[in-house]
Amino acid sequence: MRILLDHFSKSFGSVRVIDDMTLEIKDGEMLALLGPSGCGKSTTLFAICGIHKVTSGRILFGDRDVTNVSSQERNVGVVFQSYALYPHMTVRENIAFPLRIRSLPEAEIKRLVNEMAGLVHIGSLLDRRPAELSGGQQQRVALARALVRRPNVLLLDEPLANLDAKLRLEMRSEIRRIQLETGITAILVTHDQVEAMSMCDRIAIMNNGQIIQIATPQEMYRNPRTAFVAGFLGNPPIAFIDAVARDGMLAVENADIRLPIPREADRVPEGTPVVVGIRPENLGTEGDAAIRGRVSFIETQGRENLYDITLANGKVLRSIQRVRDDVSLHDEVEWRVRSDQLFLFAQNGERL
Amino acid sequence: MSASRDIVEAAAVPAGAAAASAHPPRWRAGWLNSSRGLGLILLMPALVLVVLFFLMPVVLTGVFAFTNMSTATGISGGTYQVTPGALRELADRHGMDELAEKLGQPSFVVDEQGLKALEEMGIEPAIIADLREGHLGETHASRREFERMLRDLPERPDTRTVKRISGEFSRSLANSRFSSRESLLAAAEGVDPELTEEEKTALVQATYTGWVWTADNFRRMASSRDTVRILLNTIFFVATTLIIFNTAFAMLLAITTHYIPERPAGIFRIIWFLPRISPAVIYVLLWKWFAWDTGFLSAFLDNFGIRPRNWMLDTAANAWFFVIVINGFVGASMGMVIFSSAIKAIPESLFHAASVDGAYRWQQVRHIILPQLKWPILFVTCYQTLSLLTSIEQTLLATDGGPGGATEIWSLAIYHTALNNYAGNLQYGYGAAMALVLVVIGIVLSLIYLRVFNYRALVAKPRIEL
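If you read the sequences in order, they're chains A and B.
Start counting the first sequence at 5; every next residue gets the next number (the working numbering).
Start counting the second sequence at 37; every next residue gets the next number (the working numbering).
In short, the hints are calculated from the structure, not lab data.
This one's a predicted model, so the numbers in the text were calculated from it and none came from an experiment.
Worth double-checking, as some hints may not be accurate.
Said to hold, decoys possible - In silico SDA-like cross-links for lysine to any residue, where the CA-CA straight-line distance does not exceed 25 Å:
| hint | chain 1 | residue 1 | chain 2 | residue 2 |
| --- | --- | --- | --- | --- |
| 1 | A | Lys114 | B | Gln399 |
| 2 | B | Lys152 | B | Gly226 |
| 3 | A | Lys114 | B | Arg402 |
| 4 | A | Lys57 | B | Pro300 |
| 5 | B | Lys410 | A | Arg133 |
| 6 | A | Lys30 | A | Asn156 |
| 7 | A | Lys57 | B | Phe387 |
| 8 | B | Lys380 | A | Asn166 |
| 9 | A | Lys57 | B | Leu386 |
| 10 | A | Lys57 | B | Tyr485 |
| 11 | A | Lys57 | A | Val70 |
| 12 | A | Lys114 | B | Pro407 |
| 13 | B | Lys410 | A | Asp131 |
| 14 | B | Lys410 | B | Tyr485 |
| 15 | B | Lys410 | A | His92 |
| 16 | B | Lys410 | A | Thr94 |
| 17 | B | Lys380 | B | Ile296 |
| 18 | A | Lys57 | B | Ser385 |
| 19 | B | Lys380 | A | His92 |
What the hints assert, rightly or not - Just a few of them, taken from the derived set where beta-carbon distance is under 10 Å, the chain A residues facing chain B:
| hint | residue |
| --- | --- |
| 20 | Phe16 |
| 21 | Asn72 |
| 22 | Gln76 |
| 23 | Glu77 |
| 24 | Arg78 |
| 25 | Asn79 |
| 26 | Gln85 |
| 27 | Ala88 |
| 28 | Tyr90 |
| 29 | His92 |
| 30 | Arg104 |
| 31 | Arg106 |
| 32 | Ala146 |
| 33 | Val331 |
C-beta atoms are modelled at their ideal positions from N, C-alpha and C, and glycine is treated no differently.
Extracted from the complex, chain B is given alone in its bound form (with noise of 0.2 Å):
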């Protein structure tokens, strides 16, 4: 009482101040008054984190998919790394089996270069003389070689002396890392003077270990033979647990609660409720040892001489089934609660109409709610299809795509792709082409869905009215 009087004083104070000063009182805090500047402001920390949480990580998918990004490459730039396996690379991919081999042996030139590196370390000039005069220009295989022809100069230089000027004139690449392209290339040139821009490309290209723009994770997956049975895996995974569990078992359930008593149908509906609102781990572990050898389902089938085994891995069959029922009893919760209201919202006159009218309870379902259900059919097919498509964490913890990758769906490929798996390189570009590839598919489906129900006449404005 006291609280809305001080309100109304409150208010009362700036309008007395605004008769004084003739200037509305609300023009101060306009934009606070128009809907739209205030509108901004409190829809700010959800737009932020719209753009945070979803466009951001979609975007970056996008932009993943294309990049060889991994482990092995990092997200940040790379450098030039003269490996063993960058040359079998050149040689392989590029044909170029005479540059690898040179870049890869060990060879010790005489040049400019290294006598003028020799000048300024502070050689006795007499030794760099003696190099310019008699050795300019040659080449040697190793380094024992080299250091052989520096101890038979005329000025025999001392063992730690030789050791120094060998270093200067090493002009391997094999195992040597460079920072940038220029120091790669200007190195190569050393070993061979005469590259050429193919042979340079090749070699900057072969050596690189940082991550590059491509598009060769789609052509990968294009050709890959997993890629057809995981398609194939997903395909038979949705499609059955869609058909079976989310709208016909679903259906099934809405059907029966609204035919027997409320209360009753209460205890129904919850029961049905728990996979839904239990968590995950939990949901999925008591499966586990539903099926583990040492759990019920053996230690029952044990007393009829059925050897104990873990039922859920025993057989890809028996894999997809768990994987199937699992994943069903949790989506045909949303399926009943959907379809039970949406039957409840039909007239209970519609109900006494058919039954007097001479229809038993079959034919009322056939006849009155089915057909009336068509909107919250095509909602739950919908919404499931993509949920199933992208739904990863009741497979992951029953089977993990097991037995053998039996049960290997299209999202739980990317996590093992990009997230976890035992060869322990992550291919972060390769996960996200695929991930890139199932939002396409989910977004093909909707289309194809909203077409055959005809979407538009369903979410037109009823005219029915009572």
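One chain only, chain A, in its complex shape (with noise of 0.2 Å):
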């Protein structure tokens, strides 16, 4: 189903939390919301389930406006970061809680329960209680439980942040295949870039009460609006360095660096200071333009190595590349970057 915030704005006292968001999520889709803690991610989707009344806007559920429905009528699916499984209660029976507070008949809820348990494999832990299972298999019964009503929207509230990196690695494909296997449609609120990227269709970035960007994955790793989209998004992070548009080239100060500027940036007029991004992939063998510093730290990450280069002036940018031996801490090195791979921002963080 789709999901429309319009013009969504929310409040708490005097402090305004989101101001003026339309998000479209389109029926099917996986939409992450990402941005750091406190940027308002959370409290759109407690908006979008009705836990919290919104302070002006609309919220629609295909055509049918929710605005003002409670949290009991809209019938969405919600997995909590705790999970908030029921204690009291096995596995089986915090799987039927949403059916038996509809009393649909017992046969239907034992047939939908195990149904449930099916897809998302949990059918031989029916009997435990949630204190029993492991942090996977408790996410799994949240899953179900989310699931089991046939929700209009599932909305996933930082559900893989309690879970250690194998199982988190585990849950994350688990997750996108019972979204596509179901085709519901899904808020994923996080802050993990990788989760962001690896499970959903679309990114939508916030920052402080505000979407930033909306976008897939790629595109919006490939062509970031800003430079918090830019920051936000990679690992290692890009990073910035200060320069000045001179003759027609980017002058990096007080460091001998040069760097041409890219083809789809706007034409920069002489003399305007410019951030340069530039993500630790695209620096190394090959390129156009060459930057020259010392190597300060080397971080070995098996694959690769994580290079950290300090330029004269002090600023460092970083390099991963496959492992070398023709490098060594100290080493004063001169690499290259493709011109066309850098992104070029303002003094204010908009792309230019």
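Could you fit the two chains together into a complex? Lean on the hints.
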């Protein structure tokens, strides 16, 4: 079902947490609300499921305006960060709870619970209590409980935050599989760009209660609208250096580095101070511009090494490359960067 | 700053000294460093208080329960007193009417014991000789008869001597007091030399004024109709107050305050806490003012033509109403606080989850709150049962068991028996026995609760982790 947030605002007292947000989630799409803590992404989620009342604006499920519909009547499935399983009920009772509340016939409840338990692979755990399950199993139960009522939309609030690294990887693909199998519209709230990029069709990146950019993960990575977006996506993160447009080139202050202006950037007037973003994977052996610096740190990652390059002006760039034997700590190096992969931002963070 | 430096320097001195003497400095105060020794010392005041004010009373109650101590017997030893009451007891309880009559009647016996006493007093030997020869072994039923006989002796003793002599031959025990068993029996044998062992035992028992060991208290309790009435009163009082106020009403308050905003909820809780934190005397006095024949209730109802009366003590039903409400309002606050904090301990996300799962508030109460409040409910039930069983002050101040004993509950009955009653004979022993029974009832009830609520499972370490 299509979900539309129409000029939605939310204030707590005098604090405006969400300011005039308009967001459309297409039917069957999985959308990530990505942003740092306090950016308003959880508030948005709570507004969609009806726990928070909206201050102004509308929320539409399909064509139905649910702005003033109680959470009990909205039929949304939510997976909470802590899973919020009912500790005194067995797994079976947990999953059946939304159906029991709706007074479905017992046979129907049994059929739906079993069907859902099969989908999320917890058929053998139905008689246990939540305390007797691992984190990943609890997560599956929470998913089953959220999905069993066939909700209009599935909301996932930091669903992987409480899992260890290996389980997180597994549940990432599991949640995506289940979402695709059921074809349900889903919204994933997360602060982890890897989760957002790997699980979702589109990402809405938020900061300070506003959506900065909505795009597919690939598009957003390749073409960030602001320095904030560029800085949020990618691991290891992008590095920024200050430069000034001079003689059709970008001169880095006090570092004797001159970079060509990327082709897609608008014309940059002479003398404009700019911020240049360089992703670690783009600094290395290939390219049309040279960057000189000293290797100040080497982090071993197994397949690759992450090198910190300190420029003459003290700024640090990062480069991720295959493990090389010819570079060691404190070496002076001259590595190359492709000018068409540089991002150019104005001082206020807007992409040039 | 300087203080801490002082400490450091002070600590450094023994360390230096130790280096010189090759003994570790801590060795000297070793017991202070062991947690066992120090712990015991720090515990000592508490232990003394526990022994003095808890263990001692409990033990003494157990001891007193098996005595017939009362105001009449005192709590130290007694004497042997041949009162009319004691003689009646001898006749009625032991069936020794003859002995009782004999002991009760004044009698004057001419015997060697008396004659010897006369010799020592320096009475004329001629008189003594007359008595020995002519009258040895005679018994006279009254003083007048005996003295007439004396006056008729050949020596004709004067009146003063007659009085002195007659005193020595008086062998009546009525209204005399003996400090020991031996002197009592010696005197009794003076009256009736052929006392059997059985008669001696009965006499000693009947005349003793001090307390004795006995299990009569429990026999009396088991056969008394008052016991049944007081027991039923107590069961009614505890059950009604516990169910209506201490759990149900407390739960209602806790749930209500959970769903209203924090600030009014806090004010609401404080209001319901007032009965608990205000002194019992003032709290009950307010109720009395409210219910008196010149109080608020009467004055208000007077407007509708209802005769003013003391509503609290008007009828048994009214008295019960007030006793239960007064005690209930005190008890409800505790349940409210415990249930409130237990509800607060339920993660907020569970309520969110229940809301989006479609559960409205009453369904959340039924499916989320109540099932997770099993342990607090047990605790409050158990604790309040025991405190209601032993609670006394509100009931004492409100109705004092009235009207006509209608609201006399067990603890109040103990107080009335042992410490304060109209007759003035405070029965410590019987009261202690009643208290002992109350303790046993409390222990038995606790065990039943623990069984019913499966205590062990409840106190097991919670396995939920978030």
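Hint check:
Pair hint Lys114/A plus Gln399/B holds up; C-alpha atoms about 21 Å apart against a cutoff of 25 Å. With a CA separation close to 14 Å, the supplied pair Lys152/B and Gly226/B stays within the 25 Å bound. For a cut-off of 25 Å, the pair hint linking Lys114/A to Arg402/B stands: about 22 Å separates their Cα positions. At most 25 Å may separate the alpha-carbon atoms for a hinted pair to count; Lys57/A and Pro300/B meet this at roughly 21 Å.
Distance restraint check for Lys410/B and Arg133/A: the Cα-Cα separation of roughly 17 Å lies within the 25 Å cut-off, and the hinted pair is therefore satisfied. Straight-line distance between C-alpha atoms of Lys30/A and Asn156/A comes to about 12 Å, which keeps the hinted pair within the 25 Å bound. Pair hint Lys57/A plus Phe387/B holds up; C-alpha atoms about 16 Å apart against a cutoff of 25 Å. About 23 Å separates the Cα atoms of Lys380/B and Asn166/A, which keeps this hinted pair within 25 Å; it holds.
Between Lys57/A and Leu386/B the CA atoms are separated by roughly 19 Å; this keeps the pair inside 25 Å, and the hint holds. Restraint check: the Cα-Cα separation between Lys57/A and Tyr485/B comes to about 45 Å, which exceeds 25 Å; the hinted pair is violated. Distance check on the hinted pair: Lys57/A and Val70/A sit about 11 Å apart at the alpha-carbon level, within 25 Å; holds. The hinted pair formed by Lys114/A and Pro407/B meets the criterion: a straight-line CA distance of about 22 Å does not exceed 25 Å.
A C-alpha spacing of about 21 Å is found between Lys410/B and Asp131/A, which places the hinted pair at or below 25 Å, so the restraint holds. Straight-line distance between C-alpha atoms of Lys410/B and Tyr485/B comes to about 12 Å, which keeps the hinted pair within the 25 Å bound. Among the hinted pairs, Lys410/B with His92/A is consistent with the structure: their alpha-carbon atoms are about 10 Å apart, no more than 25 Å. Of the pairs offered as hints, the one joining Lys410/B and Thr94/A holds, with about 17 Å between alpha carbons and a cut-off of 25 Å not exceeded.
Of the supplied pair hints, the one linking Lys380/B and Ile296/B holds, its CA atoms being roughly 13 Å apart against a limit of 25 Å. Taken as a hint, the Lys57/A and Ser385/B pair is honoured in the structure, with Cα atoms around 17 Å apart against an allowance of 25 Å. For the proposed pair Lys380/B and His92/A, the alpha carbon gap of about 16 Å is at most 25 Å, so the pair holds. Look at Phe16/A: its Cβ only gets to about 14 Å from chain B, farther than 10 Å, so that hint breaks.
Because the smallest distance between the Cβ of Asn72/A and any Cβ of chain B comes to about 15 Å, over 10 Å, the interface hint for this residue is violated. Below 10 Å, beta-carbon pairs count as interface contacts, and Gln76/A has one with chain B at about 5 Å; its hint therefore holds. Among the interface hints, the one on Glu77/A holds; its C-beta lies about 8 Å from the nearest C-beta in chain B, closer than the 10 Å criterion. Given hint, Arg78/A at the interface with chain B, holds; its Cβ is 7 Å from that chain's nearest Cβ, closer than 10 Å.
Hint status for Asn79/A relative to chain B: holds, with the closest Cβ pair at about 8 Å, below 10 Å. Annotation: Gln85/A was flagged as interfacial toward chain B, and the flag holds, the nearest CB pair being 8 Å apart, inside 10 Å. At about 4 Å, the closest approach between the beta carbon of Ala88/A and any beta carbon in chain B falls short of 10 Å, and the interface hint on this residue holds. Satisfaction of the interface hint for Tyr90/A is found here, the shortest Cβ-Cβ separation to chain B being roughly 7 Å, below the 10 Å cut-off.
A distance limit of 10 Å between C-beta atoms decides the matter here; for His92/A the minimum to chain B is near 4 Å, and the interface restraint holds. The interface hint given for Arg104/A holds, since its Cβ lies 8 Å from the closest Cβ of chain B, which is under the 10 Å cut-off. Given the 10 Å rule on beta carbons, the hint for Arg106/A holds: about 6 Å separates it from the nearest Cβ of chain B. With a cut of 10 Å, the hint placing Ala146/A at the interface with chain B holds, because the nearest CB-to-CB distance is about 8 Å.
The beta carbon of Val331/A is not positioned within 10 Å of any beta carbon in chain B (closest approach about 46 Å), and the interface hint is therefore violated.
Hints 10, 20, 21, 33 from the list above are not met by this structure, while the remaining hints are.
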